[in-house]
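When you get a sec, could you build the whole thing from the sequences and use the hints?
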Amino acid sequence: MSNTEQQSSTNTSENKGLQALKTLGNFLDIDGWNPQYLEDKQAYKINFESEHGRGLAYAQIFTDIEQFLFYVMMPFKIPEESRNTIAEFITRANYGLRVGNFEMDYEDGEVRYKTCIDFGGETLTNGYIKNTMYPGLKTMERYLPGFLSIVYGGKTPEEAISVLEE
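The sequence shown maps to residues 5 to 170 in the working numbering.
Just so you know, these hints were derived from the structure itself, not from any lab.
Heads up, a few of these hints could be off.
As the list claims (entries may be wrong) - Straight-line alpha carbon distances no greater than 25 Å define the calculated BS3-like cross-link-like pairs of lysine-lysine that follow:
no., residue 1, residue 2
1, K49, K142
2, K81, K49
3, K49, K134
4, K81, K142
5, K20, K134
6, K118, K134
7, K45, K20
8, K81, K159
9, K142, K118
10, K20, K118
11, K45, K26
12, K134, K26
13, K81, K45
14, K118, K49
This is how it looks when you write it as structure tokens:
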């Protein structure tokens with residue numbers, strides 16, 4: 005591939021990525037999320053109300069590699085003494101999940117649920133955005149009681165999973 009072809013390919017990819025960022029912003033506005041744009045991260049911060057209280061999520065486009073990542077944040081950080089137990093719970097929960105996965109930062113106890121799509125060479129549509137976001141929101145909502153039952157209720161990961169996955 006010549007330098008001109010490489011540059012053209014990179015520009016096309018960057019243009020698709022920038023278009024995806026615009027599409028994401030429009031979708032979030034139209035869908036009623038009232039997003040806050042974080043220019044330095046090419047991401048949108050989203051505050052929302054859920055069954056379990058207030059929530060926070062981030063919708064991010066990596067324009068250069070054409071990927072959309074959606075993170076739903078746990079509304080509290082896991083205390084240090086509970087992190088190993090929560091790591092087991094996350095492993096057990098992730099095993100059966102079809103879309104996305106839980107992640108935990110062992111340093112500060114932050115837990116998030118991540119869904120993503122690589123739209124390389126394709127157009128990111130409202131349908132793809134919705135199908136990336138909503139499963140993440142629903143999964144966090146479904147599993148949040150399990151996290152709470154372990155950290156504050158003394159349940160084991162096995163007990164918490166069995167109640168959630170019945």
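Results of checking the hints against the structure:
1. K49 to K142: With Cα atoms ~18 Å apart, K49 and K142 stay inside 25 Å; holds.
2. K81 to K49: Holds, at about 18 Å.
3. K49 to K134: 16 Å, holds
4. K81 to K142: At roughly 19 Å apart (the allowed maximum being 25 Å), K142 and K81 satisfy the hint.
5. K20 to K134: Holds, because 18 Å separates the two Cα atoms, which is no more than 25 Å.
6. K118 to K134: Holds, because 14 Å separates the two Cα atoms, which is no more than 25 Å.
7. K45 to K20: 17 Å, holds
8. K81 to K159: Holds, at roughly 17 Å.
9. K142 to K118: 12 Å, holds
10. K20 to K118: 22 Å, holds
11. K45 to K26: At roughly 14 Å apart (the allowed maximum being 25 Å), K26 and K45 satisfy the hint.
12. K134 to K26: 15 Å, holds
13. K81 to K45: 22 Å, holds
14. K118 to K49: With a Cα-Cα distance of about 14 Å, the restraint between K118 and K49 holds, given a limit of 25 Å.
Going down the numbered hints, you'll see the structure goes against none, and every one checks out.
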